[in-house]
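Which chain is which? The protein sequence lines are A and B, in order. Each residue of the first sequence is one higher than the one before, counting from 120 in the working numbering. Each residue of the second sequence is one higher than the one before, counting from 209 in the working numbering.
Keep in mind that a hint or two might mislead.
Derived CB-CB ranges, DEER-like [what the hints assert, rightly or not]:
(1) B:Q537 x A:R580: 17 to 23 Å
(2) A:S571 x B:G553: 21 to 27 Å
(3) A:T563 x B:H519: 36 to 42 Å
The hints are simulated quantities; they were obtained by calculation from the structure and are not laboratory data. Glycine is no exception: its CB is placed at the ideal position from the N, C-alpha and C atoms.
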Amino acid sequence: TRLAEGTPRRSIQLSSIVEKRVFNEDDIINTPKRTKARKSISIKSADHDGDDDYVPELSTPKKTPQKTPSKGKRSTTKSSTSDVSGTPKTPSQKLKMIRSGEIKPSLEKRGILAGSEKGKTDLQIARERLHVSVVPQSLPCREKEFDNIYTFLEGKIQDQCGGCMYVSGVPGTGKTATVTGVIRTLQEKVTDDELPPFDFLEINGMRLTEPRQAYVHIYRQLTGKTVSWEHAHSLLEKRFTTPAPRRVTTVLLVDELDILCNRRQDVVYNLLDWPTKAAARLVVITIANTMDLPERLLMGKVTSRLGLTRLTFQPYTHKQLQEIVTGRLNGSTAFKGDAVQLVARKVAAVSGDARRALDICRRATEIADAAASKPENSSKDSMQCVNMMHVQQALAEMIASAKVQAIKNCSRLEQIFLQAVAAEVTRTGVEETSFMGVYTQIETIAAFMGASTPTPGRALRICSKLGSERLLICEHSRNDIFQKILLNVSMDDIHYALKVNNTN
Amino acid sequence: MPDDSEEILKTRKFLKARLLRDYSTFRGHENEHDNIRQLLKRTAEMGESNSMLLIGPRGSGKTTLMNAVLTDLMKNKDFVQNTLIVYLNGNLHTDDRLALKSVTIQMQLENATDGKVFGSFAENLAFLLACLKAGNKRSKSVVFILDEFDLFCSHHNQTLLYNLFDVSQSAQAPICVLGITCRLDVIELLEKRVKSRFSHRQVFIFPNGEDFDAYIKLFGELLSIPSEKQLKEQSERVAGLKHLQSNELTFHRNHFQPSKYKFHKKYTESWNKHIAGLVKNASVTKALQAVFDFDISQAFLKSFIYRLVAHINNAAPMSAQITAESISQLAASYEIDDKVELLCGLSVLELCLVIAIKHHSEIYDRDPFNFEIIFSRFNKFAKVSSTMQGIERPVALKAFEHLRNMELLLPLTATTCKVQKEFEMHKMALTYTQINQTVQRYQALPTEVQQWSQSSII
């Protein structure tokens, strides 16, 4: 019993000695001990209350010079890139400043300015306008959806109540662009004093490493500070549940909602539960791809909170795509009308993705540029213009299927191998073949063609090479001659590529 | 001829260095080369954001093409000053956390110091995105090179790919995402929102499978010594590489330096004449045709030539260095079946077991077997044979285990359930042809065994 009593007492004594020494005699104590003690303190406080402790630590400048002079000396050389303040910063100090939002994230600037507007050709201007990142002021062909979201948001802001909306549609149909367009219009109205002011927050599920980081991102957009998610969650909970006078409406845009869904769905629940609180005045707009996400993935109570205010963005038709592209071109003559129409029709038939159409148009301008720069062409048509041929080439490049080309460019034995797999599939009638059966087919075909038969070891190498290209799907070669082989190209492709007609 | 022998040694050194360390010479595919160069140039000069995939079979020179383009661009001062190159490899950066740390270090962001990144994964991602968002056309372009792109597709949620492609499609810092992969169907691995953000520019690199003449020409080119003028041109081409300051992309560090080598004019002429004579030789053409039939990639040809070059020694005169015979010999050595070689090294007892297995497989149409089955079959033969009598069961079991350890026999299932060693079922990873070849080639095989291998009837 004595021992059991003794141990804690001793530790208490030790710690008290250390503290005494720290506070009494500054000079004698060597640095490692002191930094250790300091570290443990800061870790403890970080665990207990996340962000409050950064402020006092930063606001004690008298401690920083004491702290390991050697480190500070080293960091002076590195901190030359940061232009926030001239004081030497250790990495951990820098991290604290990043967390408190004092360091603004920045990228290196380029030395030479980008080319001026004047020197650009028609094609270059058209290419810049066609870039997906250049979002026009008002999206064409999305007026109805714009009105829908606008009236919803305006109503919610004016009534000062909370609410939810679910927006869905396949990628590239202008969902996020429309919503941010609505927000921009509303913010303009606020500056004109036609609407009560509101806060706008935005998170994207794919930009988070895990669903709970959503709290951190929301809190950072409110205050600029980075804290742990538990802390952010409790602070947000406090903010949205307690009534406060003069609280403005908050509009929260949640992109890629399906990523925020985990098994527990606590994050989605919280995001959709806050608007129901009277004190919150939170309007949540959620965006996802699938139309039936609430019913398919979300729990009943979450679906119920999401409500029935929904909007679906249809894929663009070919007419709409054509309008979008001509809208971007803005009367420039770089494109022939039928060229745009061809792009629109081809893309609308596949996906109705506006990004796809714009990218293909941009590629067509590049091809036209390259064609015009060639000496023999430039004399023929001095006017640089994207015509049907350029668009055809761009379409062939970007809606590419290179499998036939890949088979054509295989070596002779690889081609024999592919033929053998196809022959084995026809013989057995089953899709899945084994290497042994294929090898007997190789022997037959090679004898027929007068080529030398590869040894099984070499045939395995060919097999794994074709497997890495994904012309075949095969197992690991560890299974040796018992591995299963699937054909990943259609048999017609093989025959077409190898010009084998109906001779056998 | 002491002078000549020195030159021969120098030639060997030169050829080896050129085969192994010339990372940036890419032959052919001018259109594709131009396409990528233009893309990177536009990213650097005009601040355009782009994305592209470079696809081709293994060994087709995708990385070399990339290196060649970078070497070209390194001469351009604007490019060097205005771009950051970030290199990621799917084999090294196995998850987004590692990849993100590497990106932060290579871009020299604020939260990285001396190759160490501070903060959690989530913080790093948020900070990187904030940095990219803060950028505009005035900030430096960032070129992301993602080697083994298909492996990045298997990361959780494809967060990194989504964010990179998303930045390339929004008005933020100008970036160019360049993926390199050997999978033809890589686009189908992308999630639909990632796929929508990708610009669908794909460049395919296929080695030309129909042009054997070009292959022969390349063979001659890789073996011959360039003239002084060509050497100078080449050294000028790689001179710009010293501007490439990247810790991750390392091809410039130990690059082949053509300026270090100098040859006598007379010697160069006679060597090249010797090589030109070889290229025209019919037996050389035949040997190369066999190599070409198997694998058409330049990488394979280079490894073939390297083995030729390694045999150069200064004791012999120049005409005896690389001969038609040595080439056909080497090509023939590629055709050798390694498993047959392995089987020839077995003891007679082990070979007898293999023959017993063969008989069993022939009779029961490749049914699985265990030691007991094989041992009884072997015993039938051993009883009547004069050489194999008196072999005890443990010895045979040891031989059987040896065969298994060499993976000539594969266990039927990988389960470790408690089946006794003698009763575990196996299958044979050999073809009958291989066994027959072994029996023919085996040194000093007893005639009894040879006869037994012909038929199972004793």
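Each hint tested on the structure:
Between Q537 (chain B) and R580 (chain A) the Cβ separation comes to about 21 Å, which falls inside the hinted range of 17 to 23 Å. Distance hint check: the CB atoms of S571 (chain A) and G553 (chain B) are about 25 Å apart, consistent with the given range 21 to 27 Å. Under the hint 36 to 42 Å, the C-beta atoms of T563 (chain A) and H519 (chain B), about 38 Å apart, fit the expected range.
Violation of the numbered hints given earlier is absent; every hint is satisfied by the structure.
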